[in-house]
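Going line by line, the protein sequences match chains A and B. Just so you know, we're using this note's numbering here: the first sequence kicks off at 1 and counts up by one. Just so you know, we're using this note's numbering here: the second sequence kicks off at 1 and counts up by one.
To be clear, the hints were calculated from the coordinates, so they are not data collected in a lab. Backbone N, C-alpha and C fix where the C-beta goes; we use that ideal spot for every residue, glycine too. Take the hints with a grain of salt, since some may be wrong.
Here are the simulated SDA-like cross-link-like pairs (lysine to any residue), alpha carbons at most 20 Å apart as the crow flies [said to hold, decoys possible]:
hint : chain 1 : residue 1 : chain 2 : residue 2
1    : A       : K117      : A       : L161
2    : B       : K69       : A       : A577
3    : B       : K9        : A       : S72
4    : B       : K9        : A       : V659
What follows is a list of derived Cβ distance ranges for each label pair [said to hold, decoys possible]:
hint : chain 1 : residue 1 : chain 2 : residue 2 : range
5    : A       : N479      : B       : D143      : 56 to 64 Å
6    : A       : Y248      : B       : E149      : 36 to 44 Å
7    : A       : P439      : B       : D106      : 49 to 57 Å
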Amino acid sequence: MEEEGLPEEVISQLRTVLSQGEEIIYSAQSDIDEEGKFSERWLIITKERVITANPTTKQLVQVPLKEICSASVKDYIGNAELLLETEKGTKGILRFSRAHQEDFYNAAKLIDKIAKKEIKIEEIDAEVLNNFLTEKNDVKKRQTLKWLMGYLKPHLHYVALALVLSLSITGISLTPPYLMKILLDDVFGNKNINSLVFVVGAFVSVYAANAVLQASQNYTLAYLGQRVIYSIRVQVYDHLQKLSLGFYDKMSTGRVMSRVTDDVGRVQWFLTWGTQTLVISLLQVIGIGIIIFSMNPYLALFALFPVPIIIVGIPLFRRKSRRAYHKTWRKWADVSSLLWDTIPGMIVVHTFTREKFETRRLVDRMTSYIRANLRVTRLHIKFFPLLGFSLSTGTAIIWWIGGQEVLAGTVTVGSLIAFVSYMGMFYGPLQTISNIFEPLQQAITSSERILEVMHVEPKIKDAPDAAEFPFKGGINFRNVSFGYNPYIPVLSNIDLEIKPGEKIGIVGPSGSGKTTLTKLLLRFYDPTDGNISVDGVDLRKVKTRCLRSQMGLVLQEPILFYGSIAYNIDYGKEDAAPEEIIAAAKAANVHEFAMNQPLAYDTNVGDRGWRLSGGERQRVAIARAIITEPKILILDEATSSVDTLTERQIQEAMDNLAVGRTTLIIAHRLSTLQKADRIIVMEKGRIIEVGNHDELMMKGGLYSQLYKAQFAKEEMLTQMLGR
Amino acid sequence: MPLADFLSKLNILDPRKTKVILEERENSLRLLVDGKLLTGLMPAKPFPITYPNFTIFRDSYGVDVCIVKNCAELDPESKKNLQIILDKAYFIPIISKIIEIETSGDECAWETTTDRGPAKFRTRGRMSVISMGNRIIITDTNDNVYEIEDIDTLDARSKEEFEATL
Chain A
1 MEEEGLPEEV
11 ISQLRTVLSQ
21 GEEIIYSAQS
31 DIDEEGKFSE
41 RWLIITKERV
51 ITANPTTKQL
61 VQVPLKEICS
71 ASVKDYIGNA
81 ELLLETEKGT
91 KGILRFSRAH
101 QEDFYNAAKL
111 IDKIAKKEIK
121 IEEIDAEVLN
131 NFLTEKNDVK
141 KRQTLKWLMG
151 YLKPHLHYVA
161 LALVLSLSIT
171 GISLTPPYLM
181 KILLDDVFGN
191 KNINSLVFVV
201 GAFVSVYAAN
211 AVLQASQNYT
221 LAYLGQRVIY
231 SIRVQVYDHL
241 QKLSLGFYDK
251 MSTGRVMSRV
261 TDDVGRVQWF
271 LTWGTQTLVI
281 SLLQVIGIGI
291 IIFSMNPYLA
301 LFALFPVPII
311 IVGIPLFRRK
321 SRRAYHKTWR
331 KWADVSSLLW
341 DTIPGMIVVH
351 TFTREKFETR
361 RLVDRMTSYI
371 RANLRVTRLH
381 IKFFPLLGFS
391 LSTGTAIIWW
401 IGGQEVLAGT
411 VTVGSLIAFV
421 SYMGMFYGPL
431 QTISNIFEPL
441 QQAITSSERI
451 LEVMHVEPKI
461 KDAPDAAEFP
471 FKGGINFRNV
481 SFGYNPYIPV
491 LSNIDLEIKP
501 GEKIGIVGPS
511 GSGKTTLTKL
521 LLRFYDPTDG
531 NISVDGVDLR
541 KVKTRCLRSQ
551 MGLVLQEPIL
561 FYGSIAYNID
571 YGKEDAAPEE
581 IIAAAKAANV
591 HEFAMNQPLA
601 YDTNVGDRGW
611 RLSGGERQRV
621 AIARAIITEP
631 KILILDEATS
641 SVDTLTERQI
651 QEAMDNLAVG
661 RTTLIIAHRL
671 STLQKADRII
681 VMEKGRIIEV
691 GNHDELMMKG
701 GLYSQLYKAQ
711 FAKEEMLTQM
721 LGR
Chain B
1 MPLADFLSKL
11 NILDPRKTKV
21 ILEERENSLR
31 LLVDGKLLTG
41 LMPAKPFPIT
51 YPNFTIFRDS
61 YGVDVCIVKN
71 CAELDPESKK
81 NLQIILDKAY
91 FIPIISKIIE
101 IETSGDECAW
111 ETTTDRGPAK
121 FRTRGRMSVI
131 SMGNRIIITD
141 TNDNVYEIED
151 IDTLDARSKE
161 EFEATL
């Protein structure tokens with residue numbers, strides 16, 4: 001019996017029902033009990049039955065596997081239910097919150113396959129079960145600090161230099177008060193002009209050395225910081241390039257970007273200034289502490305009077321101020337989001353004469369922002385004057401007690417002044433230490449966030465025996481099923497064979513799985529079931545680079561990059577000759593408009609190509625696909641967002657591109673598919689009709705309905721325009 | 001259609017077998033290629049920055065007739081004739097000295113000396129100054145183009161002015 005991971009109470013419950021040698025093959029914990037309250041409940045699948053056990057109420061339900069016809073999960077809001085269908089009907093046997101959905105979707109899949117005899121019970125082993133295990137994010141968690149220190153390793157000599165410089169600065173900063181003591185007691189007391197020259201000279205030397213050391217330290221730390229930030233950013237970016245599209249589906253662009261920018265910035269601060277400041281401040285506190293206690297232990301005790309206010313008060317203030325600052329930040333975000341919203345949409349504001357309304361909105365938000373800012377100011381004026389007063393009081397106490405000792409002749413004036421100076425220097429680093437812990441904590445959190453990304457393994461990897469070969473363009477989908485969430489199918493049992501050079505149209509309502517089909521072909525994702533092959537070779541056995549370099553993709557919303565038109569065309573072929581760029585541009589109807597730009601093909605298209613119109617961007621994207629001479633071409637709604645004239649130009653470009661290549665065209669405008677060899681009609685993730693235009697029209701199915709509806713609409717528009 | 005089909009239609013000429021002749025009124029060109037005369041042509045540079053010698057010859061309707069990939073390989077007389085027409089079409093002053101670059105917001109006001117005389121202009125946004133190694137291409141707010149051929153060959157003050165700002 002496999003009892004690993006099950007709590008003791010559940011194991012003892014199971015012992016009452018399980019027969020000798022009955023093997024547990026799967027278990028999962030739910031967080032909702034029979035009453036619909038948050039509580040622990042378990043699902044256990046053995047080779048004979050499905051059991052639910054509640055260790056608190058001791059309730060146990062069991063259903064023999066042989067009675068189960070199928071298993072599924074029904075999704076509700078905030079929770080879902082595992083359903084088992086037996087001859088007596090469907091029964092919900094366990095509810096769970098969405099936090100546990102993967103475990104139970106896997107369980108349902110396993111039970112379902114056993115019930116439908118797709119998996120034979122006697123053949124179930126660790127390898128089979130492996131397909132049903134939830135992927136836990138227990139990647140080798142290298143210690144965050146160890147990981148960070150790894151970045152300092154190549155620059156250890158700079159770290160050492162920075163430390164030596166810091167220590168020297170600390171040491172040197174301790175000397176002026178001592179020189180002051182000599183000045184007051186020895187030079188002025190003994191009226192010694194020679195000593196005056198020496199002391200003033202020493203002062204100048206100390207300040208000069210301090211300036212040189214500070215400059216060197218600043219440069220060393222800045223250099224170190226830049227090297228470290230460079231290494232981390234390059235490594236993170238390189239890792240991001242390797243991650244599969246599934247990662248970007250789960251994590252928003254903003255979150256990924258903030259890891260590369262903000263988090264890396266915080267880590268840099270931690271590794272350089274943060275640690276150095278902490279070390280120096282600690283050394284200063286210890287050093288000055290030793291000095292003042294050895295100078296006058298009695299006075300030193302009084303000097304400690306404001307210390308509790310610093311140690312306790314500063315973190316307390318920071319906690320309060322953090323909330324206030326956060327509020328200010330949120331209020332500012334409100335203001336800036338309003339600006340981002342309305343300024344690009346000014347045409348709408350003007351059309352609906354909402355100018356005053358928008359100004360009022362800004363005034364409201366600005367008022368909240370000002371209030372939040374004043375709140376921070378009020379917090380500051382409550383705390384810092386109090387801190388300043390207690391520090392000054394500490395100094396006044398020393399003047400009072402020390403002054404009495406000077407008058408009594410037990411302490412020299414120079415010693416008292418030096419003591420007061422050291423005392424001032426003692427509070428500074430204490431304040432720094434109290435202040436530094438929060439940003440240090442933030443930096444460690446940032447490191448963890450970066451590591452979280454670094455630990456994500458690319459899901460699409462080349463198999464060790466993956467091959468590279470030139471494609472002829474034959475494609476075969478064999479019983480392919482897929483879901484972005486593996487348990488919610490987007491494609492089901494797709495069977496499709498495409499011959500080299502064939503032109504296939506794919507139509508169907510939105511969400512029918514058309515684009516997903518092409519994403520699987522490009523191996524952005526792997527099918528959950530079944531397989532896809534090109535020229536008879538499973539995609540998983542083809543090197544990804546080889547696969548994608550022989551496929552061309554033109555999307556509905558083309559993505560261009562910051563750079564020239566030429567750069568965007570030869571993005572598909574790095575070493576393209578200029579005449580190839582022009583040939584591709586001519587094939588894609590780009591040439592004429594490119595030649596009319598201020599710098600022709602060298603004209604920058606701006607971020608994401610904003611300087612070009614939608615149709616121009618689309619044609620550049622087609623040229624980018626043409627230049628790679630793909631064997632398989634995927635055109636995904638490439639003309640749906642442009643006007644009729646532009647559509648014609650794009651259509652012509654696409655026709656040029658498609659000749660002699662296996663082409664998959666996803667299109668809404670069915671008139672563009674009349675030349676297709678075959679048209680595939682999809683609905684709800686399944687292929688429901690296949691045939692050429694005439695055959696499908698004769699059949700009178702979904703395609704003919706869609707076509708007639710579109711034709712009638714166009715006819716009506718033509719008539720209206722004709723009038 | 002394979003890319004080769006489109007490539008073959010470009011009509012790429014061998015510069016060593018091509019003569020560029022100035023039309024009488026000096027406002028267009030004639031090309032003598034293998035004894036065949038092509039008349040009324042205007043040169044255009046599809047890549048004025050990245051491949052400045054790559055030239056397309058177009059007829060009076062703006063239709064591409066032929067291409068010379070590297071005009072530097074033409075004979076000196078042809079090069080001279082071509083340059084006369086190109087000089088009008090491509091007025092790209094070469095900056096020899098930067099006197100001052102003043103920044104305000106996203107704009108830079110340049111005061112420079114160029115091979116065509118002193119020039120003052122304004123640039124806006126990061127797209128306006130493009131570095132290609134040591135070569136700098138500057139497009140001002142009116143889409144005029146200037147070039148610094150090699151930033152390292154500018155005098156120290158000009159270089160400092162550039163590097164301190166951009």
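Here's how the hints hold up against the structure:
{"no.": "1", "hint": "A:K117 x A:L161", "verdict": "69 Å, violated"}
{"no.": "2", "hint": "B:K69 x A:A577", "verdict": "10 Å, holds"}
{"no.": "3", "hint": "B:K9 x A:S72", "verdict": "61 Å, violated"}
{"no.": "4", "hint": "B:K9 x A:V659", "verdict": "17 Å, holds"}
{"no.": "5", "hint": "A:N479 x B:D143: 56 to 64 Å", "verdict": "57 Å, holds"}
{"no.": "6", "hint": "A:Y248 x B:E149: 36 to 44 Å", "verdict": "42 Å, holds"}
{"no.": "7", "hint": "A:P439 x B:D106: 49 to 57 Å", "verdict": "32 Å, violated"}
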